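Produce the entire structure from the sequences given, and follow the hints as far as they go.
Quick note on the numbering used here: the sequence shown kicks off at -7 and runs consecutively.
Hints listed in this document are in silico derivations from the structure and should not be mistaken for laboratory results.
It should be emphasised that the depicted structure is a prediction, and the values quoted were computed from it without experimental measurement.
No false leads were mixed into what you were given.
Calculated lysine-lysine pairs in the DSS-like style (CA-CA distance at most 27 Å, straight line): (1) 296 x 132; (2) 267 x 182; (3) 346 x 246; (4) 332 x 267; (5) 246 x 132; (6) 35 x 354; (7) 267 x 289; (8) 35 x 360; (9) 267 x 314; (10) 279 x 314; (11) 246 x 182; (12) 360 x 296; (13) 289 x 321; (14) 167 x 132; (15) 123 x 360.
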Amino acid sequence: MKKTKVRTSKILLWVVSAALVAILSVSLAFMGVALNRTKNLYKTDFSGLTGLASKTVLFIGDGMGENHIKTTETYYGERAFMRSLGADGFVTTFSNNVGIPTDSAAAGSALATGQKFNNGEVARHDGNNVKSVAEYAKEKGLGVGIVTTDNLYGATPASFSSHANNRGDTSEIIKGQINDVVDLYLGAGKDEYTKYKSQFESKGFTFATSLNDVNGVVGSVLSNKLIMPFSSLPSEDGTADTPTLEMCTEFALKFMEARFPGGYFLMIEGAHIDKKSHKNDIIPMTKYLKSFDNSIKIAYDRLKDLDSAIIVTADHETGGLKYKDGETKDDIKNSLYTTKTHTGTNVKYFIFVKGLSADELKAIIPEKIDNTDVNRIARALLAA
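Quick look at the structure:
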């Protein structure tokens, strides 16, 4: 009996030891991955871009992988305008979390601040707020605008306009936005933001929920900041009460040019590329991506002769979308998606800087960068 107990104890000890060794091995492997993928962060010198664009617009296609762009090009039978901007390459999107893809909060915060975050964090890490490019621009005396088809308290716009421990802290995010540096908010979330109408107005905001409230009278609100939360933003057939991203982009540029002729930072997000990809709903996804691409052209046509830059990228890829060269419009089906979640696939970047050729940009910006580099590029461009 005693021998049996001893043998059992030895077996249990062996099992526990083996389990601990396995856990330690996995932990060391994760540490190795984490160290390896971060070893080259923050090393690229972007000083060659310093002060080249007092008007910098960052377009973020939420969930937009390269295959989303290719799929949309095939469906519409035309090359995406974003490809014509100048230099292009790929962006790594990982967060601090190892073994799982980033979420929009960590990715948006990396784009906004130039630092890495845990999934869920909104420009705040370990209880410390991290300065965003919006705050940096305001310190330089520039204007700041936020445009999104998502709710304005969504992870990406929140990362550029507030700070919170978690993306689900809606009230904290909105209260942060009330006191933040942003001069213009355009996006969804009408019902939630109406609750805070008086607080926004007390901070100098004009509060409107329709383009009809302000179209044609931009001059009359130039002394104020402006927030316009709409009920929704469709991919096409927009109205003054539910405008498309193209309509919001046109208005935002008009407002920022009139209010801040000396320069500004403007973030414009197309959120529904991600939302439709989570549902593996490919045709509506292409419509929203086409709207996003149209908005990029609107900005380019408005700014191409000015002291400006346009950066286009994504926060992450959603859906594991497959695409083979030679696909036709009839091949664009929901079955091209392989998952309904985010993936770690690298995403694209495209960049235009007035006065620099594609080759000159490529001499400064590597073909492969990290999402934290996008922030560093934007800050360099805006630097006085």
